[in-house]
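A.B. asks: For reference, the chains in residue letters:
Protein chains: 2
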Amino acid sequence: MSYSPLLVRLIDALCCMPGVGRKSAQRIAFHLLERDREGARVLGDALGQAAQGIGHCKRCRMFTEAEFCSFCAADGRDRALLCVVESPADVMAVEDATGYRGLYFVLMGHLSPLDGIGPDELGADQLEALLNENETKELIIATNPTVEGDATAHYLAGLAARHGVQASRIAHGVPLGGELEYVDGGTLSHAFFGRRVVD
Amino acid sequence: MSYSPLLVRLIDALCCMPGVGRKSAQRIAFHLLERDREGARVLGDALGQAAQGIGHCKRCRMFTEAEFCSFCAADGRDRALLCVVESPADVMAVEDATGYRGLYFVLMGHLSPLDGIGPDELGADQLEALLNENETKELIIATNPTVEGDATAHYLAGLAARHGVQASRIAHGVPLGGELEYVDGGTLSHAFFGRRVVD
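Heads up: the sequence lines are chains C and D, in that order.
Everything in the first sequence is counted per our numbering, starting at 58 for the first residue and increasing by one.
Everything in the second sequence is counted per our numbering, starting at 58 for the first residue and increasing by one.
Derived from the structure by calculation, the hints contain no laboratory data.
The beta carbon of each residue, even a glycine, is placed where N, CA and C say it ideally should be.
No incorrect hints appear here.
Computed footprint of chain C on chain D; a stretch qualifies when at least three of its residues, placed anywhere within it, have a C-beta under 8 Å from a C-beta of chain C: (1) 59 to 71; (2) 81 to 91; (3) 126 to 132.
Derived lysine-lysine pairs resembling DSSO-like cross-links, with alpha carbons at most 30 Å apart: (4) C/115 / D/80; (5) C/80 / D/80; (6) C/115 / C/194; (7) C/80 / D/115.
The shape of chain C in the complex, shown without the other chains:
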């Protein structure tokens, strides 16, 4: 004996989401069926349309259903600056926090040879094509401060050098509001040796 076929199918399908196991899938299914059918219907539509319609920006690889994303299509952004990030969420983080108004390039991942992710999978061709347009003056590398992110940054710096574009990397160090006592050793060491003259 088990749930009805449609319910079994719904619970199975919900398990495709990251971090959702069978118990969570059940809980979500019951919640939607019992308390929010309209939400379930809207979500179902949104998923179908997104899976169908959303592709990548031809220029920067950002998710978009248009040919170019809203950043690349916008007038008045500084086309001399190109910020390379790992994921679309990083674009939003940089955009919201920094006041940066240049363009972006989204790798959709980081170099990870063991997983078969090399430069081709990260859109290196597209990035080179962009650099060949000679608009870019500075490549701002904002990959994550992880081993893979560092390797990716190293690769990107080499790419920029080959195209005669200046590369920079966002600063790593002690985060604001933290206490030195509780900052991990690697970060503290990095911050210490990366100290800057106070002027």
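Assemble chain D onto chain C, guided by the hints.
C.D. replies: Below, chain D without anything else, positioned relative to chain C:
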């Protein structure tokens, strides 16, 4: 600047799931778009069909797209026994663990006057109609061992008494495999005063 309209819509819609905030919704959306479009499509269909098709069993209120759920429709189940539970997940828990082969009644909640949930919302009418059919000999009350579950159990016991049906409640006590030292006081006290003669 923000994500493309379809992506914004998808992230908003994902937030309707319990336990999913904006960050999780983003993560889920990116995962599905980047790695599992087929899963997204299947989930979208499943949600739409479930929201459209799944209703409640006319007899026991279990979720089903048919008129009667597979339990009520099955031949060979013991119609003299009726086990009352709070949720569809509880039906599966009892079914899988106990070898019980009677029928079920799913309250879809528990008495909670502050939330406006009284006997009517829990399908008391349907339960009374079932008891009036005179098939039921024992009403097994398997509501959760919580304050609301206890109140609901008390109400159900009264209902059974009015219909001349014997009511029983699943035993509460120390769970198997636990150590007394770590069992909470309430449970231990309950187990102690509910001790049974060893024969």
